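Model the placement of chain R on the given structure of chain V, informed by the hints.
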Amino acid sequence: MKIDETIIAFDVEATSNEELISLLADKLCAAGYVDETYGQATITRETIHPTGLPTKPFPIAIPHADADGVITSALAFASMKRPVMFCNMVEPEEELPVELVFMIANNTPEEQVKVLRKLATLFGDPEKLVELKALAHSKSIMDWFEVELAHES
Amino acid sequence: MGRLIVVACGAGINTSTLGEDMIRERLEAEGKTDVMVKRVLMADIDKYEGEMDIMVSMMKVYREFKCPIVKGLPFLIGTRDEQKEVLDHIIRLLDEMDNQ
Numbered sequence: 003m004k005i006d007e008t009i010i011a012f013d014v015e016a017t018s019n020e021e022l023i024s025l026l027a028d029k030l031c032a033a034g035y036v037d038e039t040y041g042q043a044t045i046t047r048e049t050i051h052p053t054g055l056p057t058k059p060f061p062i063a064i065p066h067a068d069a070d071g072v073i074t075s076a077l078a079f080a081s082m083k084r085p086v087m088f089c090n091m092v093e094p095e096e097e098l099p100v101e102l103v104f105m106i107a108n109n110t111p112e113e114q115v116k117v118l119r120k121l122a123t124l125f126g127d128p129e130k131l132v133e134l135k136a137l138a139h140s141k142s143i144m145d146w147f148e149v150e151l152a153h154e155s
Numbered sequence: 009m010g011r012l013i014v015v016a017c018g019a020g021i022n023t024s025t026l027g028e029d030m031i032r033e034r035l036e037a038e039g040k041t042d043v044m045v046k047r048v049l050m051a052d053i054d055k056y057e058g059e060m061d062i063m064v065s066m067m068k069v070y071r072e073f074k075c076p077i078v079k080g081l082p083f084l085i086g087t088r089d090e091q092k093e094v095l096d097h098i099i100r101l102l103d104e105m106d107n108q
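Taken in order, these protein sequences are the chains called V and R. For the first sequence, the positions run 3 to 155 when this note's numbering is used. For the second sequence, the positions run 9 to 108 when this note's numbering is used.
Computed list of lysine to any residue pairs in SDA-like fashion (alpha-carbon distance at most 25 Å, straight line):
{"no.": "1", "chain 1": "V", "residue 1": "Lys120", "chain 2": "R", "residue 2": "Lys68"}
{"no.": "2", "chain 1": "V", "residue 1": "Lys135", "chain 2": "R", "residue 2": "Arg88"}
{"no.": "3", "chain 1": "V", "residue 1": "Lys120", "chain 2": "R", "residue 2": "Glu93"}
{"no.": "4", "chain 1": "V", "residue 1": "Lys116", "chain 2": "R", "residue 2": "Leu95"}
{"no.": "5", "chain 1": "V", "residue 1": "Lys58", "chain 2": "V", "residue 2": "Val14"}
{"no.": "6", "chain 1": "V", "residue 1": "Lys116", "chain 2": "R", "residue 2": "Glu36"}
{"no.": "7", "chain 1": "R", "residue 1": "Lys68", "chain 2": "V", "residue 2": "Gln42"}
{"no.": "8", "chain 1": "V", "residue 1": "Lys120", "chain 2": "R", "residue 2": "Ile99"}
{"no.": "9", "chain 1": "R", "residue 1": "Lys68", "chain 2": "V", "residue 2": "Ile45"}
{"no.": "10", "chain 1": "R", "residue 1": "Lys46", "chain 2": "R", "residue 2": "Cys75"}
{"no.": "11", "chain 1": "R", "residue 1": "Lys79", "chain 2": "V", "residue 2": "Ile50"}
{"no.": "12", "chain 1": "R", "residue 1": "Lys46", "chain 2": "V", "residue 2": "Arg119"}
{"no.": "13", "chain 1": "V", "residue 1": "Lys116", "chain 2": "V", "residue 2": "Asp145"}
{"no.": "14", "chain 1": "R", "residue 1": "Lys79", "chain 2": "V", "residue 2": "Glu95"}
{"no.": "15", "chain 1": "R", "residue 1": "Lys79", "chain 2": "V", "residue 2": "Cys89"}
{"no.": "16", "chain 1": "V", "residue 1": "Lys58", "chain 2": "R", "residue 2": "Asp96"}
{"no.": "17", "chain 1": "R", "residue 1": "Lys68", "chain 2": "V", "residue 2": "Pro56"}
These are calculated hints, taken from the structure and not from any lab test. These figures come from a predicted structure and were not determined experimentally.
Bound conformation, chain V alone:
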């Protein structure tokens, strides 16, 4: 799963999850990881199947659509200046103030399963989420992901 500095954003201000998803989709598109349809597909899917997660100590979200529109599997990331509201994946009527957004573009699920499992381990670890949120440079965020998502050889 590709992750690079051009698809990492921090101190992001967005008034809605649509705005935030568009921002990350534009970055993914500019980097050549998705085509122009992926942002809208993700926004649409977010309204039907929301991706806010009640993680601790603060909620996160993992907006994504299916493989259509994905060119190369990649992970875009945004750390919010102020929380942006996403509906809860398991309780869609509930809104969660999301601090970190992991936008996934995946067209090779079998190949990505190790990375997904590492992400899940991070999502279940409050200390790691706090650590990630404290990072304030795209380079340091990038380096952090490289360490945390590295494949064991």
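Coordinates of chain R only, in the frame set by chain V:
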């Protein structure tokens, strides 16, 4: 006897892949080689009614199914212990089915 576990999520590609992988790993460890695990889109779930023995859902399920429903959220955001609890529950359900 062969069983089918279906893992359902919204896009059928990320969170269901996670659940599928963790369940497969546990089934292998238990030597349960006759249990199939399949990830599906929640939108397609009706097709599996009657065919699936256990449904694992990463999201809210709005109706009843003929089979037991297991909440898969811990696969995504749970601790190792919470994940183990869900896997233990799945194994227990399979064992109960075989003993019936």
